Every structure is written in C-alpha cells, then in structure tokens.
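Chemist: Residue numbers (my numbering), protein chains in the order written: chain V, 1 to 330; chain D, 331 to 689; chain U, 690 to 1008.
There's no promise every hint is true.
Using C-beta positions, here's what the derived DEER-type ranges look like [to be verified]: (1) E897/U <-> V464/D: 40 to 46 Å; (2) G908/U <-> R277/V: 31 to 37 Å; (3) K902/U <-> Q75/V: 54 to 60 Å; (4) I677/D <-> K11/V: 52 to 58 Å; (5) L541/D <-> E137/V: 49 to 55 Å; (6) G866/U <-> T523/D: 38 to 44 Å; (7) L303/V <-> V464/D: 55 to 61 Å; (8) Y650/D <-> V928/U: 34 to 40 Å; (9) K243/V <-> L725/U: 57 to 63 Å.
These are calculated hints, taken from the structure and not from any lab test.
All values reported here derive from a predicted model rather than from experimental measurement.
We put the CB at the ideal spot given by N, CA and C, even for glycine.
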Amino acid sequence: MLNQLIQLEVKNLTTCFRTVKGDVTAVDDVSFSLKKGETLCIVGESGCGKSVSALSIMGLLSPSGYVKSGSAIFQDNNLLSMSSNQLEKLRGNRISMIFQDPGSSLNPVMRIGDQVAEIFQIHLNMSKKESLEKAFEMLKQVEIPDPESRMLAYPHELSGGMAQRIMIAIALACHPDILIADEPTTALDVTIQSQILNLMTQMQSKTETAIILITHDLGVVAEMADNVLVMYCGQVVEYGDVKTVFSTPIHPYTKALMKSIPIIGKKTRRLDAIPGRVPSLDMLPIGCRFEKRCSEKNNHIELECQNKIPPIFDINQAHGSRCWLEKGSE
Amino acid sequence: MTAYIIKRLFISIPVLFGILLVTFVLARLIPGDPCKAILGEKATVEVCEKFKIRFGLDKPIHTQFMLYSKRVVVGDFGNSIRFSRPVSQILVERFPVTIELALGGLVVAIIVGVFLGIISALRHNSPIDVGTMVLANIGISMPVFWLGLMLAYLFGLLLKDTIFWLPPSGRLTAGLSSIPFFEVWGWEVVKGTTNSKVLEFFANHYIFNALITGNWEIFKDSIRHMILPVIALSTIPMAIIARITRSSLLEVLGRDYIRTARAKGVRNKNVVSKHALRNAMLPVVTILGLQMGGLLSGAVLTETVFGLAGVGRMLVEAIYARDYPIIQAFTVMVAVAYMLINLIVDISYGFLDPRVRLE
Amino acid sequence: MSKLGRVSETLSDNFDEDLLLQEPISVWRRTFKRLLSRRSGKIGLFLIGFIFLIAFTAPIIAPYDPNEVLIGKEIVKLKKREGPCIHMLGCDSAKPQHIMGIDGNYRDQFSRIIYGSRISLSIGFSTVSFAVTGGVLLGALAAFFGGWIDNIIMRVMDVILGFPSLLLAIAIVAVLGPGIRNALLAIAIVTLPAYARLTRASVLTVKELDFVKASIALGASPTRLLLFRILPNSLTPIVVLATLGIATAILDAAGLSFLGLGAQPPTPEWGTMLGSERNQVFSAPHLVFFPGIAIMITVLAFNLFGDGLRDALDPRLND
Chain V
1 MLNQLIQLEV
11 KNLTTCFRTV
21 KGDVTAVDDV
31 SFSLKKGETL
41 CIVGESGCGK
51 SVSALSIMGL
61 LSPSGYVKSG
71 SAIFQDNNLL
81 SMSSNQLEKL
91 RGNRISMIFQ
101 DPGSSLNPVM
111 RIGDQVAEIF
121 QIHLNMSKKE
131 SLEKAFEMLK
141 QVEIPDPESR
151 MLAYPHELSG
161 GMAQRIMIAI
171 ALACHPDILI
181 ADEPTTALDV
191 TIQSQILNLM
201 TQMQSKTETA
211 IILITHDLGV
221 VAEMADNVLV
231 MYCGQVVEYG
241 DVKTVFSTPI
251 HPYTKALMKS
261 IPIIGKKTRR
271 LDAIPGRVPS
281 LDMLPIGCRF
291 EKRCSEKNNH
301 IELECQNKIP
311 PIFDINQAHG
321 SRCWLEKGSE
Chain D
331 MTAYIIKRLF
341 ISIPVLFGIL
351 LVTFVLARLI
361 PGDPCKAILG
371 EKATVEVCEK
381 FKIRFGLDKP
391 IHTQFMLYSK
401 RVVVGDFGNS
411 IRFSRPVSQI
421 LVERFPVTIE
431 LALGGLVVAI
441 IVGVFLGIIS
451 ALRHNSPIDV
461 GTMVLANIGI
471 SMPVFWLGLM
481 LAYLFGLLLK
491 DTIFWLPPSG
501 RLTAGLSSIP
511 FFEVWGWEVV
521 KGTTNSKVLE
531 FFANHYIFNA
541 LITGNWEIFK
551 DSIRHMILPV
561 IALSTIPMAI
571 IARITRSSLL
581 EVLGRDYIRT
591 ARAKGVRNKN
601 VVSKHALRNA
611 MLPVVTILGL
621 QMGGLLSGAV
631 LTETVFGLAG
641 VGRMLVEAIY
651 ARDYPIIQAF
661 TVMVAVAYML
671 INLIVDISYG
681 FLDPRVRLE
Chain U
690 MSKLGRVSET
700 LSDNFDEDLL
710 LQEPISVWRR
720 TFKRLLSRRS
730 GKIGLFLIGF
740 IFLIAFTAPI
750 IAPYDPNEVL
760 IGKEIVKLKK
770 REGPCIHMLG
780 CDSAKPQHIM
790 GIDGNYRDQF
800 SRIIYGSRIS
810 LSIGFSTVSF
820 AVTGGVLLGA
830 LAAFFGGWID
840 NIIMRVMDVI
850 LGFPSLLLAI
860 AIVAVLGPGI
870 RNALLAIAIV
880 TLPAYARLTR
890 ASVLTVKELD
900 FVKASIALGA
910 SPTRLLLFRI
920 LPNSLTPIVV
930 LATLGIATAI
940 LDAAGLSFLG
950 LGAQPPTPEW
960 GTMLGSERNQ
970 VFSAPHLVFF
980 PGIAIMITVL
990 AFNLFGDGLR
1000 DALDPRLND
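Assemble the whole structure, with the sequences as input and the hints as a guide.
Modeler: Spelled out as structure tokens, the structure:
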C-alpha cells in the first residue's frame, strides 16, 4: 500500500515559545510527509521556523518551547506524544539529526573515537572494545584521512569539514530510517560543502535513509532535493517536487526567491531583492504574512489577503501553495 | 602534556623567589627591636649586641637574605627567638592542625557545594534552586569567626546535655592523647633528625594517625573536635562553589554538544553525568586554588575561635612578639603550600581540558 | 552613531563591543532599569539604602552615645554584659531599655552597632576607591605601554596574588602597625591586583579592535577615544567587581579587627566589638551575635546588589 512508503507524516504541527512578552508561535500548522529514501528540503530564511519544526519532531526543544498541537506519525507512533524514554530509544537509532556548527556540536573533552563509539554502546549494546572497532569502521566510511590517529583526537583538533563528517558518521551509524540535517553546510567553506553533500548522498544510498535537509541555500536544494517545502514566517507556503517548484513556482514568495538568485554570466544592474522585512513573530498580521511584500496581489484579492490567512491549496498532485490567488484552482 | 607540566613548574621558580624575598623584607620591616620585644625593655646594649650576633642580625642585609634563602631551601628555619626551639620543630607540631582544618574544609566545601550546585541547576527556578541560592548568598556574607562562635555557643552550650553536643575547642578531649603511629608500630626513631621530623609531621595529623593505627577512640574524638571548625571554615567556599557549579552547569546544558548528545539518544541522566558535568566542572576547578587561599586565611580566624594550635594563630602571636624566624618560616610555608596547591590545580586542569594542554 | 558591524573576534568574555558603540549615559540608564527589575538587585539596593539611612541618622536614632560608659549614671544597678532588655517584649519597665544589651565596658551595644555602620561603610568605600584607582591606573599603564613596564607591573601583581589575601593583609598590618587606617591600606593593596588585571585585559582587547584602529587612521585622537568611549564602557565589569569588593573589604576589615589588628577599641567597629567579647560568648552571646548579624546584613546587601548589577550589565541578556 502507498502508506508503507511513508516514513514520517507530520500534520498540523504548531510549536510555541514562552517569552517575557507572552507566548510566541514559531511554527504554525506545518504539514508534510516524507517517503522512504526520499530527500526533502525545507527552505526558508533564518527564523522561519524550519529548525524549530525539526527540533519539535525530535523532542529537542529548549525548555521554553512546547508543541501546542499536531502530530508526527513515525511507524504508527506519534512522536509528539511519546515519553522521553521512548524518544531516547529512537534518537540516533531510527531518527538522527545533525546540526549547523559541527565544531561546537562535539563534546570538547571527549575523544572522537569515544563519541562515535558511544552510539553503538547505547543502541546496539556493544562492549567498549567492539564499539571502538565499529567506530573506526565508520570513520573510514566517511572518508576521514588517517583514521587511527583521528580516533584519539579531540574535536578542537579537527577542521569544520572533518567534524561534520564525524557528525554524519555518528548520525548514520545505526542506519536510521530518517536523517534530519539542519543547515549542515552553512558553516563550512564552499568547497567543503559539496564534499559533505556528496558524502550524504553516498551514505544515503548505502543505508536507504530518508533525509530532511534544512537549508536557506537554494543551490543546495537544487542539488539534493527530491521534494521541497518552502517556509515563511512559521508557515508552509509552498511544497512540491523540486523540478516543478523550481521551474514553475506558484507562491509569490517562492517566485521572488527564484528571481533573486544571481545567475553567473548574466548581466544585471542590481539584484532582485524582496522589498520589506519579515514580520516579527510577536507582531504577526491577521491575514497573509507575506501580503505586505507581495507583488502579485490585485485589487480583488487584497482585502482577503489582509484579513484571512490563506489555507494551502493543492494545485495538482503534490504541488501546493498557501495563497489566495490559488483559490479555485484545486 | 609533559611540556605543559614542565612549563608550569618553570613558572613557579620566580614565584618561589618572590615569596622568599617578600617574606624576608616584610619580616625585617616590622618596627621594633626583637631583642627588646623578647628580652624586655630592660635589656642592656651589651645583651642586645650578643643577641644580634647570635641571631645573625648584625650582618649586612643582602648577606642575611642569602643565608636565609640557602637555609630555607634546606629546610633549616633557625630557632624561634621566643621559644628557643627550632622553628622547623614548631612547624612540624603546628602545620598538621592547619592542614587538617583546611583540607577538611576543602573536602566538605567541594562535596556539599558541588552537590547543591548540581541540584540547583537541574531544578532550575524551582523552590529548591531559589532556596539554595538564597542560602548561598547568605553563606558568602557570613564572617567566619562569627559563625564559629555561634556554632560553638549552639553546640557547646545550648545543646550541652544532648547527643548533639560538640566540643567547642581544642583538638582532643582533655586526658586523651594521640600516640604517633611509629611508636605504636615500634619503629626506632632518633629524635631531632630530619627523618623523625617527617614522621612526626605525619603523625601529628591526628585523624590520619588514628586511622592507620586503628585507634577508634582517638579517631572519633578528633573528628568530633574538627566538626565545628570545619563547618565554620567551609561555609564561604561551599557557597561560592555551589554558585559557580550551578551557573556553569546551566551554561553547559545550553551548549550545542549537549543537544547532540540528546540527539544521539543518550539517556537524560547520562547526558548530565557523562557529557555535561565534566565540562561544567572546569570553571570550578579553576577557582579551587583561590578557594584554598581563602581557606588558609580563614584558618587563622578559625584557629583563634576554636583554640586550635595551628600555623595561623602562631603567626599572629609571632607578629606581636617580633619573632622573625617564625614569621618568616610560617609565611614562607603557607605561601609555598598555596603555590603548590595552585600548581596542582593548574596541572589537574590540564588533565581535564584537552584544549589547554596542547597549547 | 551608526553601527559598524561585527568587529574583531578576540574579545574577552567581559566585553561587548556593541556596548562600546553606544552613548555611555544611555547604557547606564538602561542598566538601572534592568537592575531594578530583578529580585537580587532590588533587595540589595533596598538594604544598602537602609544601612545608609541608619548611618546618616545615627545621632538621632541611637539612644546613647556609643562611647558613653553608663556605670554610676543609672537608677537601677547595671550588670556587666547584661543581656538585652526590651520593654515591649516584657522586660521590667523599671530597668533601662537596652535593645541589644550592655557590653563589657557598660556601654549600650545598640548605639554602638548603629554607629558601627558608619565605620563599616566608610571602610568599604575607601578601601575599594583606593584599590580601584590604583588598580585601574596600573592596569591601564601596563596595557598601554607594554614592554618592560607591563612586565614589572604584572609581576608585582602576581607576587601579591601569590599569597592568601588575608594572610598578606595581616603581614602588611604587622609591618605598619595595628590600626584602622593601616588595615584599610593593607586590604586595598591585597585587592588591587584584580582591578589591575581586569583593566589591562580590557584595554588590551580594545586596543586591537578594528574600529579603534580605523578611527585612529581617520584622525581621531586616541586619548579622546580612550577617555570618552573606551574607558567608560569598559568600566562595567570593574563596577561589578568594585561593588562585590566593598562586601569583601568590610568582611576582611572585620576579620582584621577581630584579631586586634584593625580598628582598635573603643572604636565601635563591629569586628572589634566581636573580637573583644569572644571569650565571653558562652555567658554573653548577645555581644557576639548582634555585631556579627550587622556585618552579615551589610555584606549581604552589597553582595546582592553586586549580583544584580552583574546580571543587569550582562551583554548576553540584551533585549
């Protein structure tokens, strides 16, 4: 059945944070599904809620954050209603996550070998000796040069690219079903970026892991994604497979994003930036959040855009947009 | 790592020199004539001349310093002007008291302080957290000598006829005495030799001595006498350690690598004990040296309050009596002890934090 | 003034270069508001105000002269070291009221405690003023000139820090002779190095900031920069340290007085009062209890205020 292909089904996820000024909604009604072996890219600007969505699913929100509503069904269980004990069994095992700054994501006082071996000790119950051997194997798999001495090294002795390889090794060690990568290459040099992305693709083919890749870099999306989820201000504004979204974007925000990518070789006088600013989360408009910066609205629509948040309209199979302009296209 | 240790040792040498110089100068600067201070105002000029020659006070100042330095390195501190006994012997008798007190204070301060700090951090903003921090604030504001006196009053007088009574002064109950371990074991020790001094030094740590000779009566008695002074002395360092542990652990728990550990599926208690604590303890270790300094200083006050015959009290008395050899020797020993402690703390920090040792 | 963007990364933790680019006065105003919003700052400030009030109004609220020996002047025969007699709490109204009892020289302790607040406050402030002035000066000089000046100054600081602080203070007082002024000097000397190190670190860091180099390249006078922009804003950690330093100074001075090396009798300094009565603690605990509580409350006040100040000035808690 088709459902067996779906690894993760997120429905109406809403996450809030408690602040001195009251509760702020960082993720608003986000839904998506992830198929086995698929690479889904979540794109958006900083602060649009893409990381928070991932952290919500993993149960790794900071103490001031909480999931207000929604579900995340993974293998017939709702991750959002699991106890921490149950979640601990899944993390690093069936669902892994890697983060943006690999240098600070590793424990500075533990040796690399021990940190990698730890994952085998926790989930596969291996002895220390066995786990260190397997860790060594993993280091070779992620193509760490001179793995013997690297096993004994400390994180501060590693370059950013090397550290991220270690993170990938740790994340994929148990052949998880899902890997969530939160801006894995943002803190790295451009040359290293492609190496890391290639490594991820390689490992993915070995382990058949589905990847959720969070990024703000459209180039990365073009290279890696099967499907795309575009987020703006805590909401999903467009989703679809990468070819369609890139060639025929529907939502005004996505269109503006595509236009703003500079093309090497093409002469332009100035870059097409999107005018205006992202509304701050504690002062959100009651209607469409992109409305003030939208260049596509027309007189008929304007009132509705200002007063009602558009729902997501499914245009054709698996391509949708949260825009009043699409009303009637379903 | 070895390079790090050697570097630290190397830096200590000028510090040692500075200590010798400062103590020598300070002792010499104390106004007043030691001859008159010891022998009384009526001492005649001839007597004082002989006095000067006897204690080498007639030689030029830099010669005195060189002689002094040479002797200190060998361990010869001369004789006390006041007691006419070798200062090293007095040190052997009195230093162990201060060490027991200071060490006891340190151990209690670390164990209780770290424990409270961890609990406060893990129960951030709960009543336990708030309560502990209030207590910690009060703790660092309490004068040691006042706390000691109040404890003595409470446990020595108010609770006199209860099981909670604790002796308010001295090291042992009158009538009891500690038998040095080498006597108990029948060793042949010649009095006055360096060997005997070293052995006596260790034997004068009553608690340690009683432990290794299995003398439970003395063991219990000396511990009972130490309880109040140690509590009084350890309060301020304990409060400071609690606060630093708490803030350090809170900060570490917010770091990226803790999030990684959780993402790996590490159980929550292991996240704290295996990953967070070792990093959180680094700032605490950093201040341990400083705390030890505070403990040695506080020991002076505590010894005065509880009538303990330690280095601190003797130092104050020697200052009044212008007993140069004692002043010099005791200040040097305390400063050297402080220096050694800081050295140990530095080296330990190198063991704990790999980023530092590979500089 | 427009923001100049992210500058050098070699900043010490105490330092926030954003702070550097703002007008000093607005920084202080904002800090004051944040200070008052937190519990520790509020309580600390309140207590300090309370103690200052007591110190100022001492002649009015003290029922007796602190040095007045009362023997022979009373209707009812006084006992030496008599415990507190409070009429509201049941003490016979025929006996004269002494809220905190009478000390070993037939003086009213309550009045002495009140006047003691003046002494403690002046001890705290004068010690710290001296230490801060000396420390900041030495630290700035060391950082500014570098080279052998820096070396010598810092070695001297290291020697001072190589001794446990109270013991060194005792040794210095031993040289200078017991007395309150010498005790102050001793404590100031012993606490000076901390301020020197802090100032030196701040000035060194700021010297290397790109915007400073750029400003100088554009013709701005370095002295003006130092005085009007850098120092005022880099003084914030020093202010915190100084506030906490007042607490430490009062505590250390009380300790020295307790040992007989600080304020001498009959000065009504709390440590001295405690020290002279310590052997009578079993028979006259009130003569030990009240001076100690006074010390504790005062030190606590400055500690709390210093804590509140530190939190309020923490650049990481920027709105």
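Chemist: Could you work out which earlier hints the structure fails to respect and list their numbers in ascending sequence?
Modeler: No numbers; nothing is violated.
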